[in-house]
Structure formats: C-alpha cells, structure tokens
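J.: Listed here are the chains, written in short residue letters.
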Amino acid sequence: MMKVLPLTLLIAAALTAGGCSGIDKNEGPRPAVRIVDERAPNQRLNLDTVVILDKSLQDRKSGKLAVENSGARRTASGTVEAYAVIRNRTDYPLQIEGRTQFFDAMGIPLGAPSQWQRLYLDPQSINGYRELSTGTAEVAHYYIEIREGR
Amino acid sequence: MKEVRGLAICSALALLSACASTGVNNSAGRATVYEDVRTSSPIVQGVGIESQDIVAVTDRMMRDMLSNQLLAGRTSAPRVIIDSQYFTNESSSRINKNMITDRLRIELQRAAQGRMLFIGREYSGMVEAERALKRDGVTDAGTIRSTRGTAGADYRLVGRITSADAVDSSTALTSRYQQISFEMIDLEYGTVVWSGLYEFKKTAQDDIIYR
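Protein chains in written order, with this note's numbering: chain L, 1 to 150; chain Y, 1001 to 1211.
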C-alpha cells in the first residue's frame, strides 16, 4: 500500500508538469485528421442514415424524436429522393428542420446540402421528410440531418 | 499520512479524469456582422419574406423541377424562360421579385447541366440590337455561329406571391400567412406542365421595416 503513494504522486507531478509547461510543441497549422475512437462510434460519417444534431432531441431514452423509417428511391427523371419518417415522442407540437447531402459512390459530396426544410410535428404524431437530389446517375448515397427549428 | 495519501490519489484521479475529456474548445466563435443566409436572423426577424425563405423556396422548386420528367428528363432539353415578367407580388410583404426568380434560374441552370436550356428573354432587346449591327455590316459576325432567328421558348415560369394578415390591434402582433406559387406554362399549347407551392406563416411584432 505504501508503494501507491509515490506512484500517484509521480503521475500527478507528471500531469501537472505537462499541463503547465507553457510551450506547445504542436503550435502552428497541422494536417486535418479523421477522428477514430471506438469510445465514440457516432462521430464518424455514416452514409445512408438520418442523424439528429441537437442533443435534446437525439437521446435514445429521453430524446424528443424517433426516426421510424428512412431510405431513398430513384425518380422517373433519374434524381434520387431521400426520405425519413419522424415521430414526435412528446405531448407538445415540435418544429424541426431537415436537410440532405447527397454523395457519389466514392463518398464525395455532390454539391451543397439542401436548404433546411421546416417540418411541423403534432404531439405524438409522425411526419415525413423528403428531399430530392439535383444530380442523377452519379448520386449513390444520402445523409439526412435533423435539428430543432430555428 | 493517511490524509496525504488520500489527497494524492484524489489529485491524480482528478487530473486523469480531465485528460479523458476530448479537449475540444467548445465555445462560440468570434462575433461578426455576417450571418448565414439560410437561417433566420436571431437579431432581426419579422413576418415578411426573408433571406432564409428565398433560399428555401428556390432550393425546393429547383429540386422539384429537376425531378420532373417533362422538364428535366427529355432527350432534347426544353427551352425555358424564368424571369419576373409574369411573377407578381400580391402580398403585403415588400420584396424584390427578381431575388426569387434570379436565384431560381441560376441555381437551376447550375444544377441542370444541360437538362434544361434557359432563354434570356429579358435581354432580347440587347440581343436584337447586336444582331442588327452584325447584319448591317457595322460589326463583323463574331466567332460563334449565326442563326436566322433567336431561340424560341417551350415553357415559361409564372407565379404569384400572396398573403393573408391577421393583426391583434391591442398588442400589434401580426400573423402573416404567405403563399408563393409557381407554374410552368407550355408556350405553344397553354397547358400547365409543372406547378409548385411554398407556404409559411410567421407571427411576431410587426416592427421590422423591409426595404
């Protein structure tokens, strides 16, 4: 047990010294990095999914929204229509906004994301969000973002 | 001795727990007068047609038109006129109609990539004047082809902005329901080949001046 004290003191001292050195050896621009950490699996971009941006809406247990269904289909003119069916889990009306970014088969974004589209959800009701791509054959994936209406 | 050991362990744990956070500087950015045109301003917002409405309505109509087979699915691209000539504002909102039709035409042209052809009928006078100079021999013929006539159009965009206001005279609160309708007219047969509607309602103190 007596061995614990010097060890903890050593760790504390090292951490304190590291944090208080005053010199940042990484100062200046650095190459951008992709964050890969198994402890936070949701930080990666998962194509063909619906994501909820606001913390208050996204929690599995207490979140205000549930995404019942989502997908995409090709229209007669060759564009792609992405959709999501969203349910209001609260007893209050909600205003949310959705937008979609379309990607090609290599995961390269095609143009800018669509404009935020406002959706009105009655208490405990569902509403459908739909967005059309502007491109045709090159569209392979979608990525729908949902946030609270502003 | 026991207290010292406890204190050391607590300090080490506290420092270790601090190291476990992401370390992201999760604070607001620097203040600026620029704002995102796609989102309503948190500082000035009223019941009229604002930037986010113009961006939203043109984005929606553009995507809808490109998914219409008659307009964007033909082997020979249709010739279309999109300007504000037959786009009227009958609403109580003050708005320059060209902001809507210009954005719609430009976004559509950029996204269509040849699936639709756009005719600048608004500038036909300018084109005719230049053609006359060329044909009178005042200028040479230029470097691109010459044609007997200018391009005829297949379709033309028409539409209107309308509104219904409800005002609470005691609080000066105004609720404005706005409709922006768009229709594409067949210029030979007169039929409506595509239509789109964008609507919204805003309620606020009517103390914002739109210029």
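Treat the hints with care, as some may be off.
Below, in silico cross-link-like pairs of lysine-lysine (BS3-like), each with a Cα-Cα straight-line distance of 27 Å or less [unchecked claim]:
{"hint": "1", "chain 1": "Y", "residue 1": "K1097", "chain 2": "Y", "residue 2": "K1202"}
{"hint": "2", "chain 1": "Y", "residue 1": "K1201", "chain 2": "L", "residue 2": "K64"}
{"hint": "3", "chain 1": "Y", "residue 1": "K1201", "chain 2": "Y", "residue 2": "K1134"}
{"hint": "4", "chain 1": "L", "residue 1": "K64", "chain 2": "Y", "residue 2": "K1202"}
To be clear, the hints were calculated from the coordinates, so they are not data collected in a lab.
J.: Given the hint that K1097 (chain Y) pairs with K1202 (chain Y), does the C-alpha gap stay at or below 27 Å?
T.: OK: K1097 (chain Y) and K1202 (chain Y) at ~20 Å, within 27 Å.
J.: For the pair supplied as a hint, K1201 (chain Y) and K1134 (chain Y), confirm whether the alpha-carbon distance does not exceed 27 Å.
T.: 52 Å, violated
J.: Is it true that the CA of K64 (chain L) sits at most 27 Å from the CA of K1202 (chain Y)?
T.: 24 Å, holds
J.: Checking one constraint from the list: CA of K1201 (chain Y) to CA of K64 (chain L), max 27 Å. Satisfied?
T.: Answer holds: K1201 (chain Y) to K64 (chain L) is near 24 Å, not above 27 Å.
Checked against the numbered hints given earlier, the structure breaks only hint 3 and satisfies all the rest.
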